[in-house]
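Asks: Sequence:
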Amino acid sequence: MRNAALTLGLIGGLWGMLVGFFSFGYTDLLIRYPELAEYTGGVANMGLIRAMSLLAPVLAIAGGAMARSANLAAGVLLLISATGMYFTFGFGVFTMFPIAMCGLAGVLALAARQPDPH
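When you line the sequence shown up against my numbering, it's residues 1 to 118, in that order.
These aren't lab readings, by the way, just hints derived from the structure by calculation. Beta carbons are placed, not taken as given, at the ideal position from N, Cα and C, and that holds for glycine. All the given hints hold, so there is nothing to weed out.
Each pair of labels, with its calculated beta carbon distance range:
hint, residue 1, residue 2, range
1, 43, 113, 38 to 44 Å
2, 21, 73, 24 to 30 Å
3, 45, 97, 22 to 28 Å
4, 90, 3, 29 to 35 Å
5, 42, 21, 18 to 24 Å
6, 54, 97, 17 to 23 Å
7, 39, 65, 36 to 42 Å
8, 92, 58, 17 to 23 Å
9, 113, 39, 49 to 55 Å
Sequences are here, hints too, so could you generate the full structure?
Replies: Have a look at this one:
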């Protein structure tokens, strides 16, 4: 289960990085061209989006990397990452996979009682 948490956490973190790149880039466009918000609707909390664009994928990758050695801490980091992505970016076409993968990885990491056999 720890190996599955590691794999899912890393994949979820990498997908989350793609979401983060585009979200941060979109907020950067809104800063540079404020008139764009009239056509696209803008964003409600730009600071939160910019912070979670970096933090959520980093927490997921760190949690995935820790899953084999420190499963409790890894599970907490992965679940924080999934929760942060869900509340910041919402559940949509591009976010459903990183949220689901990080959430499942967090549950698997917390459920792992003993190290996986090699």
